[in-house]
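Trainee: Chains A and B, in that order, are what the protein sequence lines are.
Residue 1 is where the first sequence starts when you use my numbering, and the numbers rise one by one after that.
Residue 1001 is where the second sequence starts when you use my numbering, and the numbers rise one by one after that.
Since the hints were made in silico from the structure, they are not lab data.
All C-beta atoms, glycine included, are put in the ideal place defined by N, C-alpha and C.
Hints are not guaranteed to be accurate.
Below, a sample of chain A positions facing chain B; criterion: calculated Cβ distance under 7 Å [what the hints assert, rightly or not]:
hint : residue
1    : Thr59
2    : Leu70
3    : Val159
4    : Pro179
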Amino acid sequence: MNASAWNMLLEGAWVTLWISGVSIALGVVAGLLVALVRLAKIPIIDQLLVLYISLARATPLVTLTLFIFLSAPNFGIQLDRSVAGILALTINTTAFNAEIWRSAFGNFSREQREAAMAMGMTPWVMFRRIMFPQLTITSLPGLVNEMSFLIKGSPAIAVIGIVDLTRVTNRISAVTYEPLPPILVACVLYMAIIGCLVWLQRVAERRANRLAE
Amino acid sequence: MSNWEILWLERAQFIDGFISTLEIFGLSISVAFVIGCGMLYMLEGAKPRLEVPLRIFVDSMRMLPFLILVYLLYYGLPSFGIRLNAWWAGVGALAVYHGCYFAEIFRGVRQTFSPGQVEAARACGFNTGKMFLRLILPQIIMRARPLIGNQLIYALKDTAFLVIITVRELTAAANSLSGTYFIPTEAFVVVIGCYWLVSMSMELIIKQCGRFSAKRGFDNV
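Just chain A, same shape as in the assembly (with noise of 0.2 Å):
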């Protein structure tokens, strides 16, 4: 492998970075605003939520990716390929997120709830003061995971043509005939990604047991 070789896989390996960051930064955040909206149990829309979880965690990463990005043109959206690689990822995950907050909601001790409601809390601060930092912390450990989940499926954008860190050592072998070497360098890059992820999850289970103390 030559020196254009190498930049190819760390361009790559920022495709796939950007795009997974994005969407884990949405993800997060839809996800609390889902698990927040399901708390507040409205009829229809919460049966509409269960629904669109079920089927967003049944759905593969590439059937999903595939579906938004050909069909969004029906529906006269014109979507770019990293917008719709954004946008199938942010789906997945803000589905499983969504999930991790709820345990974590449901966990919440009721001691605290009804001492900060005594104390004369509107729910917003009390939310905002009490309950939020608490619960990024005891989620945080599930929260990591998912995000490792999602670095893990997102070759998946590679179907609409995205050259991500696996796609790009295609493009690779199609000029040096080896594909072998620039696979196990974008194994390398995944695993030292990931290996990250794992490293942070452990800091913030170490934390999160502390508080839980």
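Assemble the complex: chain A is given as a structure, and chain B must be docked to it using the hints.
Mentor: Positioned in the frame of chain A, the structure of chain B alone reads:
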């Protein structure tokens, strides 16, 4: 002719794709299960020399995306003179990848067992193989059942990746139909429905297993 009628006329493609997906899924998940049990047995069999390489192998599999393993088998292996066709590369990758996940799940459950059981079994004259088959494995499977169910759904979702290496399965059927007739929305709605149906029925089966294991007293150990 409406779009749905076109889909109905082309139903053979969907059915073929669906059966092919189920074949890939069924075969690879069975092999993966055996691989997982085998790895667990090797860890159980008290061979300390095997433990470290196995752990490294399992952990590195867990840090890789599924598709890159498929690429390794499909594009990488021919460098060593082993040429797999797309179907076998896909099934092999699914089996190895999810086998490692199964091994990790089983290992996690195994750690919660009390050592007394194993000692009692040894005192009764069980050798390692018999003890593993009669005592440890059934308990592990019954206790790990929610995790196994999750893993089955992940495996089903991973079969869709194989469309990238040109395996003819369910997503490929939808893709080719939407390319031929320009009806992507309807084609993919049908396919997503199929995936949903399969994972729903798997969840039901896992729930039924829960009833079985409660009846046989696996939860009381």
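Trainee: Verify the interface restraint on Val159(A): the C-beta must sit less than 7 Å from at least one C-beta of chain B.
Mentor: Given a least distance of 6 Å, the restraint on Val159(A) holds.
Trainee: Against chain B, is Thr59(A) within 7 Å by beta-carbon distance?
Mentor: 5 Å, holds
Trainee: Would you check whether Pro179(A) satisfies its interface hint, that is, whether its CB is within less than 7 Å of any CB in chain B?
Mentor: 4 Å, holds
Trainee: Hint Leu70(A) vs chain B: min CB-CB distance below 7 Å?
Mentor: 4 Å, holds
Violated hints are absent here; each numbered hint is respected by the structure.
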